[in-house]
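Asker: Given next are the chains, with one letter for each unit.
Number of protein chains: 2
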Amino acid sequence: MVERNKNMAKLQAGYLFPEISRRKNALLKKNPDAKIISLGIGNTTEPLSPCITNALRDAAEGLGTHEGYSGYGDEQGLAELRGKIADTFYPKLASAEEVFVSDGAKCDIGRIQLMFGSSATVAVQDPAYPVYVDGSVMMGQTDNYNPLQKQFDGITYLACSPENNFFPGLESTSRTDLIYFCSPNNPTGAASARDQLTQLVDFAKKNKSIIIFDSAYRDFIRDKGLPRSIFEIDGAREVAIEVGSFSKLLGFTGVRLGWTVVPKGLKFDDGHPVIKDWNRVMTTIFNGASNIVQTGVCNALTEQGLREMHATIDFYMENARLIKDAVTSLGYENYGGVNSPYIWARVPGKSSWDAFEEILEEKHVVTTPGSGFGPAGEGFLRFSAFGHREDVEEAVKRLKE
Amino acid sequence: MVERNKNMAKLQAGYLFPEISRRKNALLKKNPDAKIISLGIGNTTEPLSPCITNALRDAAEGLGTHEGYSGYGDEQGLAELRGKIADTFYPKLASAEEVFVSDGAKCDIGRIQLMFGSSATVAVQDPAYPVYVDGSVMMGQTDNYNPLQKQFDGITYLACSPENNFFPGLESTSRTDLIYFCSPNNPTGAASARDQLTQLVDFAKKNKSIIIFDSAYRDFIRDKGLPRSIFEIDGAREVAIEVGSFSKLLGFTGVRLGWTVVPKGLKFDDGHPVIKDWNRVMTTIFNGASNIVQTGVCNALTEQGLREMHATIDFYMENARLIKDAVTSLGYENYGGVNSPYIWARVPGKSSWDAFEEILEEKHVVTTPGSGFGPAGEGFLRFSAFGHREDVEEAVKRLKE
Chain A
0 MVERNKNMAK LQAGYLFPEI SRRKNALLKK NPDAKIISLG IGNTTEPLSP
50 CITNALRDAA EGLGTHEGYS GYGDEQGLAE LRGKIADTFY PKLASAEEVF
100 VSDGAKCDIG RIQLMFGSSA TVAVQDPAYP VYVDGSVMMG QTDNYNPLQK
150 QFDGITYLAC SPENNFFPGL ESTSRTDLIY FCSPNNPTGA ASARDQLTQL
200 VDFAKKNKSI IIFDSAYRDF IRDKGLPRSI FEIDGAREVA IEVGSFSKLL
250 GFTGVRLGWT VVPKGLKFDD GHPVIKDWNR VMTTIFNGAS NIVQTGVCNA
300 LTEQGLREMH ATIDFYMENA RLIKDAVTSL GYENYGGVNS PYIWARVPGK
350 SSWDAFEEIL EEKHVVTTPG SGFGPAGEGF LRFSAFGHRE DVEEAVKRLK
400 E
Chain B
0 MVERNKNMAK LQAGYLFPEI SRRKNALLKK NPDAKIISLG IGNTTEPLSP
50 CITNALRDAA EGLGTHEGYS GYGDEQGLAE LRGKIADTFY PKLASAEEVF
100 VSDGAKCDIG RIQLMFGSSA TVAVQDPAYP VYVDGSVMMG QTDNYNPLQK
150 QFDGITYLAC SPENNFFPGL ESTSRTDLIY FCSPNNPTGA ASARDQLTQL
200 VDFAKKNKSI IIFDSAYRDF IRDKGLPRSI FEIDGAREVA IEVGSFSKLL
250 GFTGVRLGWT VVPKGLKFDD GHPVIKDWNR VMTTIFNGAS NIVQTGVCNA
300 LTEQGLREMH ATIDFYMENA RLIKDAVTSL GYENYGGVNS PYIWARVPGK
350 SSWDAFEEIL EEKHVVTTPG SGFGPAGEGF LRFSAFGHRE DVEEAVKRLK
400 E
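Residue numbers (numbering that gives the first Met the number 0), protein chains in the order written: chain A, 0 to 400; chain B, 0 to 400.
Note that the list lumps identical chains together, so a pair holds whenever it fits in one copy or between two copies.
Listed next, the in silico PhoX-like pairs over lysine-lysine satisfying Cα-Cα at most 25 Å (straight line): (1) Lys223 <-> Lys91; (2) Lys266 <-> Lys9; (3) Lys204 <-> Lys275; (4) Lys5 <-> Lys275; (5) Lys34 <-> Lys399; (6) Lys23 <-> Lys396; (7) Lys5 <-> Lys207; (8) Lys5 <-> Lys205; (9) Lys266 <-> Lys5.
Bear in mind the hints are in silico, worked out from the structure with no lab data behind them.
Chain A extracted, bound-state conformation (with noise of 0.2 Å):
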């Protein structure tokens, strides 16, 4: 008979959002009028600006005609599309043929992951995007799962927190092949300073490791001293692979769109260029994005478009300001919120899973505890920033009661 993958066997049942889910509905059965407000998981709301909504409107007419239609494209993305992310995202950082179109982010660190094989060490941020803790258990970069420390063993995780200004110890860190990092950070909000990136690149080059810098809420940065990419450090093209994504930027996150940047010079032990491997990957278990959504978007990706992105972001970051406002009005300690759409908060003397209950009981909103994002989570509450703004004006004026 066919044996079970041993490594999928490792995996936690996925515990967070099912949770979070049962509790809301134990409580609208014990109260069905209760009118309850997420500012849970990180879902954008808003309607695509007009210039993304007619440019994906005219790419989908365009199939139905013999000009407009086309088949397979290359699996890399369009051409034309990987030069304007390289020009708007990496000018003076990236070519466009290092730049390659997939359906996501999330997609992309699965493939990343199978790329670097089985035998990868990994470091993930604690807290973490769950992703790349369990995309590289499946792949079998891990040893199992240790409940006592609530991690896996064989992963090397980089505990993030206000006292460390949510930045790690490097210096006692043990070198691994490849370092996940994510700035500005889900779930923590902390956007990372130029001198922390600095540190972290140097720490690589020093080991020799490969960073997967995550940078799906680069836009989301106010402070316009803050890296909204890897590559803006020095040296960093020599050890990390970007992975980007229009879900928060352009509220694709059912639209599906995102790209991973490689450079060129990034080599493997042997000097095979890792960028050859990853081309290999993206041909062979990938197909392209949608036609319909890479026309889209590489037509919208215009002066007017860009202010219509920034514009929505904009939007959302003033929900930040709003709920941070009403966080610190709560008397938490909290970080985020500033250049990310995230608020962290610290809950002291509670459990993550408390205090969710206590708001959830109380106010009748939702949240995420810190602890589903990895054991340095514990004791903090997460509060997104997407939703809509009487929502999110209700959920403040219910925290501020």
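Starting from the known structure of chain A, fit chain B onto it as the hints suggest.
Answerer: Below, chain B alone, put in the same frame as chain A:
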């Protein structure tokens, strides 16, 4: 330093289509006025039908409104679409919860290989669509490439030729965990008969293997007696996964939408349901197909939409008839083209590449050398029926001259 994944290093250079391009360009250099027509790649050419186009356009436009906007959806696909795929393609054969919507068959095949992991043993038809082999190599399910045999060691190749009616001699085939099987077949155009697929299912049951059945060309079958799904065969739900695609059915090679059906009763040796691990893979490293595409197809899978789908398939099958007729008039023994869009022609006394070169030189028509799909394809050419009618007519005229 980071070691290169040794499985990536096993892959051979993607030779087939780049080499075809090279030879095409060489001809154009010699003869710049040559009007080359491609019957090579299996790429759709006709505009989307009105029903689909309108539904995609409306879905795109809807995202610009508060009512029509949607963010993250279920990674498994829109519930309504899963139901429609089940009802349309698997009446009484599979349920909506067994259908997982994706961005295409190629991507799903990659994820299936990840689900089974590196210790799974694999059998493929020879010749075959290259992704089964290359994806298995990347996952570490094979040994090294054997240049003498032009095959990877550690994979079981099931030779399919006119001599065995394009169905492998299973009595002399050793057991593997997985068996990739494609019908109607790319590249041979053979559509397996019910008794052949029954043999295949019985073989898998006896060996407790799992069949990965690729049904991408299902609706190109004209002969009503031939199965369009492996699940039409008794007992298949205990031993098979089916991968489907809208690429060739709806002309979605660029739009991207596919699905995979995993029966609830399919189990690993420890009794764990395969569908649970598939769900975990899809929710962990995939984030749903584009909502524009899912909503569009969901609204277009109507009686009228399906009529239009069949009309486009009929169009390509008329191309197939014209090409098959021309290939026959050339005196080539040939197969397929009746229940599939591919004609598989034997070129006696010549290698695939020599025959390719001759037709390119003399007729300015591009075909695909059969040897590119595996050693058992040597001595054959594949003609693809995807093309504009005027191009096909011109190619046919030249072939007959």
